[in-house]
Amino acid sequence: MSSERSWRVSHAVLAVVAIAIVAIGLIFLFTRLWGPRPPHTTEPPLRAYSGSTGAIAPRSAAPADDGQWTMAAKNYASTRFAAANEINTGNVGKLQVAFTFSTGIAKGQEAAPLVVGGTMYIVTPFPNIVYALDLTRPGAPAKWSYRPKPLSAAQGVACCDVVNRGAAYADGRIFFNTLDNRTIALDANTGKEIWDTQLGSIEQGATMTMAPLVADGKVLVGNSGGEMGVRGWLVALDAGSGKVAWKAYTTGPDKDVLIGAGYHPFYAMDRGHDLGVSSWPPEAWKQGGGNVWGWISYDPERRLVYYGTGNPGPWNSEQRPGDNKFTTGVFARDIDTGAARWFYQTTPHDLWDHDDINEQILLDMPVAGRMRQVMVRPGRNGYVYVIDRGTGQVLSATPYGYVTAYKGVDLKTGRIISNPAMEPKEGRVIRGICPAAPGMKDWNPSAFSPLTGLVYIPHNNLCMDWGSFEANYIAGTPYVGADVKYYAGPGGNRGAVTAWDPVHARPVWEIKEDLPVWSGALTTGGGLMFYGTMDGWFKAVDQRSGKLLWQFKTGSGIIGQPISYRGPDEHQYVAILSGVGGWSGAVVSNDLDTRDATAAVGWGGVMADLPKKTTAGGTLYVFALPH
Amino acid sequence: MSSRCRTSLLVLAALALLAGCDREERRSRGNPLGEAALGEAALGGPRVSTLQPGVPIASPPDARAADFEENAYAVSQGQQLFRQMNCSGCHAHGGGGMGPALMDDRWRYGGTMEQIVASIDQGRPNGMPSWRGKLTPQQMWQLAAYVRSLSAQPRQDVLSGRAESESATEPPTLRSREPMVPSSAAGVKGTTQ
Chain P
259 MSSERSWRVS HAVLAVVAIA IVAIGLIFLF TRLWGPRPPH TTEPPLRAYS GSTGAIAPRS
319 AAPADDGQWT MAAKNYASTR FAAANEINTG NVGKLQVAFT FSTGIAKGQE AAPLVVGGTM
379 YIVTPFPNIV YALDLTRPGA PAKWSYRPKP LSAAQGVACC DVVNRGAAYA DGRIFFNTLD
439 NRTIALDANT GKEIWDTQLG SIEQGATMTM APLVADGKVL VGNSGGEMGV RGWLVALDAG
499 SGKVAWKAYT TGPDKDVLIG AGYHPFYAMD RGHDLGVSSW PPEAWKQGGG NVWGWISYDP
559 ERRLVYYGTG NPGPWNSEQR PGDNKFTTGV FARDIDTGAA RWFYQTTPHD LWDHDDINEQ
619 ILLDMPVAGR MRQVMVRPGR NGYVYVIDRG TGQVLSATPY GYVTAYKGVD LKTGRIISNP
679 AMEPKEGRVI RGICPAAPGM KDWNPSAFSP LTGLVYIPHN NLCMDWGSFE ANYIAGTPYV
739 GADVKYYAGP GGNRGAVTAW DPVHARPVWE IKEDLPVWSG ALTTGGGLMF YGTMDGWFKA
799 VDQRSGKLLW QFKTGSGIIG QPISYRGPDE HQYVAILSGV GGWSGAVVSN DLDTRDATAA
859 VGWGGVMADL PKKTTAGGTL YVFALPH
Chain H
4 MSSRCRTSLL VLAALALLAG CDREERRSRG NPLGEAALGE AALGGPRVST LQPGVPIASP
64 PDARAADFEE NAYAVSQGQQ LFRQMNCSGC HAHGGGGMGP ALMDDRWRYG GTMEQIVASI
124 DQGRPNGMPS WRGKLTPQQM WQLAAYVRSL SAQPRQDVLS GRAESESATE PPTLRSREPM
184 VPSSAAGVKG TTQ
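The listed protein sequences derive, respectively, from chains P and H.
Here the first sequence stands for residues 259 to 885, where the numbers follow our numbering.
Here the second sequence stands for residues 4 to 196, where the numbers follow our numbering.
Everything labelled a hint here was simulated from the structure, so no lab data went into it.
Glycine included, C-beta positions come from ideal geometry on N, C-alpha and C.
Heads up, a few of these hints could be off.
Residues from chain H shown here face chain P by an in silico Cβ test under 7 Å; the list is partial [unchecked claim]:
(1) 63
(2) 66
(3) 69
(4) 87
(5) 130
Which residues of chain P face chain H? A few of them, derived with a C-beta cut under 10 Å, are [as the list claims (entries may be wrong)]:
(6) 417
(7) 595
(8) 738
(9) 810
(10) 845
(11) 855
(12) 856
(13) 858
Excised from the complex, chain P in its bound form (with noise of 0.2 Å):
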């Protein structure tokens, strides 16, 4: 009877067991052949075209493409290329929508979108809502948005139209800042918030609005607030918690700033006790600006993080002799503990608005006969710089487009050296200034490609004249003090897009173009480079000769980032945000009255056209081959 009841038992844990195997079996096929596959690299072989600089991304840093654009600038080189080449230069004459979503805000978008596995992440500009957008569904209609809700007076400090530049994806996560100083983090799959981290006030100025990058367990953001005098950081937040690890200051004392032991700037210029204090007049260093709202890089292998500092304030030179650092430069920090390894500042003591925020592309590449590992900066001076990305050594300093403020950049001291007769002076116009305040380039990201060692670079062909007068620092208002005005510089023409060689610092070919070019730039395994214009074409060349292959006009300006992913049906797609705005498009966005050439800060005059050529907007365009 016993014996009967154990072998009773033992054939029914036995059962027991086997269903558990057969269904535990059966899941593990399911999620298999239905559930979210971990993505996969399925980067076609990169031969780069004969004639190619030899310049190549890291592959620390630019890992085999695995069809995702998990952060805005794709890695952490910032290349933005895309290895697919599904889409190339023979049959991108065939590329056609294949969905579009309204933001259903019509202000500046200049956010990249995000994909990660079968999902599309957007931020869009205040109120800063976040979308995800089923890719796997016809349509892609949205999974569930986000809104963060804003303070409405937050649009009253954001100096330019307000934009924000994206968001960036680790670990499950969608990190994202929004204008009124939070730095939150969703959960992808629901949506759900898991942190919120409040970092500035609107009261004194600063705003939000660049993208987060995501490393090594970090989420470093930065602050706005250039024209309004705010005290400029980058604070690294810990991706689980959303706590400070920890803020590196712009201005002021060495421990706010943290520079210590390990700080060994390369030029001397820049070494010093201190100088974040000294090298500006009496306090004025707790407005001085240098704020963080570009782009950030990181070199795993280093682990150093790399980011470029804005302009001081005010703009009024006159009002803060001295160097001003640690503004318009560029910092490497330590992930870890955010120490500065080494500073350059490329223009001491600022006098245009030359804010220095661009991205680094990290690229390795032949610099006289030895390969070295550099950064290439297309600066807002003018200037494209190629750094040792080790050490801070600039290693050429070459202007790619039309410059009067600067005579060059001596390689020696590592100065740049100001044109005397272009230095503002109370009370004075100064006519000619070139480039502009919003510089030969502004925020708009360029991108590299491994197939031609080039970078693209998007950027403007403008000039200024400047007049300064005394600027009185109000707390949470404007502290500019110059009344400017800008114009076409020589040809006419008010934007370009430049192909660079960065090894032989030269121009390789450049399209110009009627309206600034305020939007980024993306390359493509399929030998092309996309971007977009002021009056809402989105345009795919060569990357080869810059010839133009394919355009599709979008309903608003584009100054967006361009991204192209893999789908979840394996075929390639090119997705860009339309919708007119930013400092440039404030023109349309926010209704200005050009018969003031000084509106937006000195674009009045120069788009005056603007609203006749394009109309406020915000709408998702993606795009792919007949399939």
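With chain P fixed as given, assemble chain H onto it according to the hints.
Below, chain H without anything else, positioned relative to chain P:
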């Protein structure tokens, strides 16, 4: 021409000159202009909306409005304040930027003297700061008078013949007066660009 005729001409000319002086009149007695009872005015306050349920009830204009707007001194004080208090940082020289344009015919929150003073005093929800306690009521009225001069609303002889320094804008005297937001639909005229 008789001497009587000449005399009367002289008298007429003198009268015309005197009449012109009121544009620069400054009151030196009593409370500073505009200081009294802004709070009270704000309570009754100008209407920001043109929509009233049913039959509209007219609001009496604030007597101070004309005092400031038709006064060259008030306009020029407002012009100085417009730069010193960084208004020009957001509104440029009327064309706008971070803030809306002030020289055109569109007024989000109304373009009368009273409404502009209320916007400066109270602030507005999409970014206009509230200046109450940071500016005196008199300064707000002066600013409002200058703001109205950007679209050439005051009479011609109180407008500034000079634009703000270094600006590339024309002075208000050279501008044409923009139509104000009408209070009834009958007055609306569309524009083509």
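Hints, one by one, checked against the model:
1. 63: violated (31 Å)
2. 66: Violated - the Cβ of residue 66/H stays beyond 7 Å from chain P, reaching only about 31 Å at its closest.
3. 69: violated (26 Å)
4. 87: holds (6 Å)
5. 130: holds (2 Å)
6. 417: holds (6 Å)
7. 595: violated (37 Å)
8. 738: Interface hint status for residue 738/P: holds (6 Å vs cutoff 10 Å).
9. 810: violated (26 Å)
10. 845: holds (9 Å)
11. 855: Check passed: Cβ of residue 855/P comes within 4 Å of chain H, closer than 10 Å.
12. 856: Result: holds, 5 Å to nearest chain H Cβ.
13. 858: holds (4 Å)
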